[in-house]
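**Student:** Taking the hints into account, I'd like the entire structure generated from these sequences.
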Amino acid sequence: MTDAVTHTGSGNGLLQLVPKAEAKQSMKDFKSDQEVRWCPGCGDYAILAAVQGFMPELGLAKENIVFVSGIGCSSRFPYYMNTYGMHSIHGRAPAIATGLATSRRDLSVWVVTGDGDALSIGGNHLIHALRRNVNLKILLFNNRIYGLTKGQYSPTSEVGKITKSTPMGSLDAPFNPVSLAIGAEASFVARTIDSDRKHLTDTLRQAADHPGTALIEIYQNCNIFNDGAFDALKDKQQAQETLIHLEHGQPIRFGTDRTRGVLRNQATGDLEVVTVTAHNEADILVHDAHSTSPTTAFALSRLADPDTLHHTPIGVFRNIQRPVYDTAMADQLDTAVDQKGKGDLAALLAGTDTWTVES
Amino acid sequence: MAYVIALPCVDVKDKACVGECPVDCIYEGPRKMYIHPDECVDCGACEPVCPMEAIFYEDAVPDEWDGYRTTDREVFAEVGSPAGAESAGPLPTDHPVVAGAPVREQG
Chain A
1 MTDAVTHTGS GNGLLQLVPK AEAKQSMKDF KSDQEVRWCP GCGDYAILAA VQGFMPELGL
61 AKENIVFVSG IGCSSRFPYY MNTYGMHSIH GRAPAIATGL ATSRRDLSVW VVTGDGDALS
121 IGGNHLIHAL RRNVNLKILL FNNRIYGLTK GQYSPTSEVG KITKSTPMGS LDAPFNPVSL
181 AIGAEASFVA RTIDSDRKHL TDTLRQAADH PGTALIEIYQ NCNIFNDGAF DALKDKQQAQ
241 ETLIHLEHGQ PIRFGTDRTR GVLRNQATGD LEVVTVTAHN EADILVHDAH STSPTTAFAL
301 SRLADPDTLH HTPIGVFRNI QRPVYDTAMA DQLDTAVDQK GKGDLAALLA GTDTWTVES
Chain B
1 MAYVIALPCV DVKDKACVGE CPVDCIYEGP RKMYIHPDEC VDCGACEPVC PMEAIFYEDA
61 VPDEWDGYRT TDREVFAEVG SPAGAESAGP LPTDHPVVAG APVREQG
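Chains as they are written, first to last, in full-length UniProt numbering: chain A, 1 to 359; chain B, 1 to 107.
Possibly wrong hints are sitting among the right ones.
Said to hold, decoys possible - Straight-line alpha carbon distances no greater than 25 angstroms define the calculated PhoX-like cross-link-like pairs of lysine-lysine that follow: (1) A/Lys24 - A/Lys62; (2) A/Lys236 - B/Lys15; (3) A/Lys198 - A/Lys28; (4) A/Lys198 - A/Lys24; (5) A/Lys236 - B/Lys13; (6) A/Lys62 - A/Lys198; (7) A/Lys161 - A/Lys150; (8) A/Lys28 - A/Lys62; (9) A/Lys62 - A/Lys31; (10) B/Lys13 - A/Lys234; (11) A/Lys31 - A/Lys198; (12) A/Lys234 - B/Lys15.
Unchecked claim - From chain A, some residues computed to sit far from chain B (all C-beta separations above 10 angstroms): (13) Leu100; (14) Leu171; (15) Ala330.
It is worth saying that the hints were derived from the structure and are not from the lab.
Idealized CB from N, CA, C, for every residue including glycine.
**Tutor:** Below, the structure is given as structure tokens:
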């Protein structure tokens, strides 16, 4: 199989390998006939609506789209998408999706997971998918709680959080999924919020356009077991001062009248939030999602206070082009066939390297 | 499909639903609250909190209030999608079905 698609500049050329829909699609086309079973008011509904609303934009044949999930509330997602899907093994969605994406390059493969599924039992699978840069789009619903099991602390729960399994407060330092993904060599890392349909849709669009693994952390409200976890970012008054919108090529400024900004401390190299003045305005950091170095993206991911969520950046932290695993594997298979001829699986399995165990 | 608000809301507008809606899609009209059909994500949080039991899924509106099956959808036909009731503010007019409803006696 020769891969005619090459990557120059931006855009997911790999999408050309996926067959297009024959007719124009609408949101309705992506709704399944299954009754949606999340708690009334769950943030998952908003994410589902945003994804169903976005998919027609891609214009791909529904039969060539797959949603793979693990275990958890978010992992019920594939039932509600009128595409192919798999409600798979706890934490293993990235592994199963890796197999699909590499062996069936005519598929658009999406992973839906949560903070428990992706960062507890599935931590290993997630980081290895990210470092390999498999052509997957991973939606990580982060509600900072175990919802399906009725309210135990998760790997993203804040220190001191009182839950059923931490009656005197959590002792664990939480994971920051964006920091973790950048540390795991992810080529595309973004964060968005369930209730901001426009921002969520725009983030999905950029992820779909990225060749390789795209990780989107979605702050998602669990209104039963961790209600209001992200209210500081949703309340219109508060959000002015707490939320930082990252836009590539734009100075990182926020707050009422954009009077606050992010500045690099020349002595330490770290980032800090300052009040913008005539004196420092020219030095306010300009966001560069395409920087080859992950250093500044990582520093941005550490900006938020994990307890108050003050200074939380949303948007695309990092978006770089690097070799995609699927493409490299297809090329290697082509090379192997060129050099050694078509293989014989039965002969390989029967093998010559056998031995007898004698008692 | 989405949730809709029927006659029992008219002239009451308790607004308990507004606090429950995770996507801020319940808008205030002069006499009734309206759910934006494209912004609603079908989560159902509003339905059980309504003290008037005025909220129904679109295809489950009781026959006696059949006219309210489409009021919410139609009232936004001209308004479009403001993406958030809080920042959009109240709607200027009611749907004709609502405007023509008998005035509810106080108390």
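**Student:** Now, for every hint given, state plainly whether the structure supports it.
**Tutor:** How the hints compare with the structure:
Of the pairs offered as hints, the one joining A/Lys24 and A/Lys62 holds, with about 11 angstroms between alpha carbons and a cut-off of 25 angstroms not exceeded. Simply put, A/Lys236 and B/Lys15 have alpha-carbon atoms about 19 angstroms apart, close enough for the 25 angstroms limit, and the pair holds. Simply put, A/Lys198 and A/Lys28 have alpha-carbon atoms about 18 angstroms apart, close enough for the 25 angstroms limit, and the pair holds. Proximity of A/Lys198 to A/Lys24 is assessed by CA-CA distance (about 22 angstroms); at most 25 angstroms being required, the pair is judged to hold.
In summary, the hint linking A/Lys236 to B/Lys13 is supported, as the alpha carbons are separated by about 23 angstroms, within the 25 angstroms threshold. Taking the CA atoms of A/Lys62 and A/Lys198, the gap is near 23 angstroms; set against the 25 angstroms cutoff, the hint holds. A C-alpha spacing of about 15 angstroms is found between A/Lys161 and A/Lys150, which places the hinted pair at or below 25 angstroms, so the restraint holds. Simply put, A/Lys28 and A/Lys62 have alpha-carbon atoms about 12 angstroms apart, close enough for the 25 angstroms limit, and the pair holds.
Distance check on the hinted pair: A/Lys62 and A/Lys31 sit about 11 angstroms apart at the alpha-carbon level, within 25 angstroms; holds. With a CA separation close to 24 angstroms, the supplied pair B/Lys13 and A/Lys234 stays within the 25 angstroms bound. About 19 angstroms separates the Cα atoms of A/Lys31 and A/Lys198, which keeps this hinted pair within 25 angstroms; it holds. For the hint linking A/Lys234 to B/Lys15, the alpha-carbon distance of about 19 angstroms falls within 25 angstroms, and the restraint holds.
Every C-beta of chain B lies more than 10 angstroms from that of A/Leu100, the closest at about 28 angstroms, which supports listing it as non-interface. No Cβ of chain B approaches the Cβ of A/Leu171 within 10 angstroms, the least distance being about 31 angstroms, so the stated non-interface status holds. Every C-beta of chain B lies more than 10 angstroms from that of A/Ala330, the closest at about 39 angstroms, which supports listing it as non-interface.
Of the numbered hints given earlier, the model fails none.
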